[in-house]
Amino acid sequence: MPDSDTRSVARYGRWLQRSVGPHFTVGIGSSEGGLLWPESSAELAGTLSSLPCAELECLPSMQRLDSADGPIYLRAITLPDACGAGWLVAIARHDAAPSDIELDALADAMDDVAAALDDATHLNTEMDLLAGELAERYEELHLVYEIDRHLANQDLGTEVLQDLLQSCAEQLNADVACFVRPADNLTISATNLSKPIHNLDLVLVEMRGDLFRFVSSSRTTLVINNTDDPRRAYIFTDMPYKVLACPVFQGIEMPAMLVLLNHDSKPDFSNSDRRLGEVMAHQIANVMHMQGMFAEMRRFTEQMAAALIEAVEAKDPYTRGHSERVHLLSMRLGQGLRLRTEEMENLHWGSLLHDVGKIGIPDAVLCKPGRLTSDEYTFIKVHPERSYEILRHVDRLKGAIEGARHHQEKFDGTGYPHGLRGTSIPLLARIIAVADTYDSITSSRAYRAGSTHEAAVKEMTRVSGTQLDPELLDVFLRICDDDPALLVKLGVRREWDDR
Amino acid sequence: MKRLLVVDDEPHVARVLRVSLAKDGWSVETARDGAEALRVIANNPPDVMITDIQMPGMGGEELCRELHASLPHRPFPILVMTSMTARDQRDWARDLGSIEFLEKPVSPRRIAALLAQLLSQEKHNA
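Those protein sequence lines, which keep their order, are chains A and B. 1 is the number of the first residue of the first sequence in the numbering used here; add one for each residue after it. 1 is the number of the first residue of the second sequence in the numbering used here; add one for each residue after it.
Heads up, some of the hints might be wrong.
[As the list claims (entries may be wrong)] Just a few of them, taken from the derived set where beta-carbon distance is under 8 Å, the chain A residues facing chain B:
(1) Ala-131
(2) Ala-135
(3) Val-144
(4) Thr-301
[What the hints assert, rightly or not] Once the Cα atoms are required to be at most 30 Å apart in a straight line, the calculated BS3-like pairs of lysine-lysine come out as:
(5) Lys-410/A x Lys-381/A
(6) Lys-266/A x Lys-23/B
(7) Lys-104/B x Lys-2/B
(8) Lys-458/A x Lys-368/A
(9) Lys-123/B x Lys-23/B
(10) Lys-266/A x Lys-368/A
(11) Lys-2/B x Lys-195/A
(12) Lys-195/A x Lys-23/B
(13) Lys-315/A x Lys-266/A
(14) Lys-123/B x Lys-2/B
(15) Lys-458/A x Lys-410/A
(16) Lys-123/B x Lys-104/B
(17) Lys-266/A x Lys-123/B
(18) Lys-266/A x Lys-104/B
(19) Lys-266/A x Lys-2/B
(20) Lys-458/A x Lys-2/B
[To be verified] Where chain A lies over chain B, by a calculated footprint (3+ residues, C-beta under 8 Å):
(21) 18–27
(22) 107–121
Don't read these hints as lab results, they were simulated from the structure. All residues carry an ideal CB built from backbone N, CA and C; glycine is no exception.
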């Protein structure tokens, strides 16, 4: 018996001794008749061990037994904590038999102690139940914290699901955790293998079929632990794993599920696992919902941008596709320069929308098939500033605006609108300038056919350092040399096309 | 049954562990501070000990030092529960034998997994 239990047995023993006074010697024994308290009473120990304690009926009141040493009084009790049943024992100290009043008092005292012990045992059992419940809740809370921590550090790509599954597999100590969405053939999985799984890929693919249909028809969590569970016939034939599959809802739809697999040698999936799985499925549903909103926002932004570009390009059929081509070339140049993700995002919008300001130029000027007068040219020169004025209303484009505003600046400071020089021209604007110049030379206009790639290279090399940033131009030319397919994609003519 | 000694001044910690580890075959004993833990260990060393750091009376660090002094070849591993912020305050344990750290908050499942892992390591080393 652990220390703390011994101490508490002694406390109850002393209490009983105090209540009955000097007429009796009392003790506490185990159900088999061993003396637990007081440790030093040979008389009690001897008497107790001579009795067939294990065979006595455990009555909820005091009983008298006659031993070789005289009468002994016993009362069945529950011992503290998980120590099982036992006895309160008493023998009379004097030779004279105890009076009825003394015996009544002894029986009452024993009843009181027994009731207190019962209460303590009940409380203890209840506390254990609560502690068990607490442990489970704590487990859930812990999982939610863990998920929360993952979500806080992530944007909402597919990696976030991968991460969630990994932590799910570890927290729930499952061999495999996977997310299955059959509509787009998506299966994301994480493993925490206790031993290898053969053909895991095949197992994962198989889930999209029967298992998903089974879960989506019942719309509740499926737990299969036994190998001979008859439901296995409906889901898969040769998968000897324990399965926990939770539906992932979006509104009333069930587009996906979360599946945990364990080897047969692992413990069964418990009710607590089931609840944790459901918590996890719920969190995944939230992530999916956010991903959906995020994608929709993105789509909306792209479409709004496309509409704006359409508005510009509708004014001059010859510039059709110009924004898209400048965008493509700028992004390639940005990749070549290894820009950071954030800068690439700014370059993306800046290059797509660089000509938005042309909306403000009269059609007669913009589409004029000949040389412009200096008044007309003034109109053209305000378009980058117009782009700025239009785009500055959009917070998200804050980092992209400078690229559009300064794409007509020249490296030697003779450009417009601000006459910036060299590297004081924002990098994004210098990139867009290279792409814009290339596309202007190689694409056809109302009054001329587009030049060949080689002619464009020659012209751009000529203005390197005066109009264009020479370092960026070098990178650009290298990209063109390395990837002739890019030029084909852009529809640029080559020198040999003319022959 | 494998015996786990939980040293913590908060009794609910030991109770939660006792209840949740019972199904893995652990019997949990408790001590409310380092001094009580030393008495339990002198009587009957456990298979693993988990201790808190901050306790009234003898704390976790002193307990580990005392144990190292009195039992240089301590036959059981120790898990020390510590808060996240105390990452850099673990150097003291370096020369005191097999001591692992557990970052609070830690879930009972995680403890169960760690205990199993520790025991198999011990078996492997023995």
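Which earlier hints can't be squared with this structure? 3, 4, 10, 13 and 20
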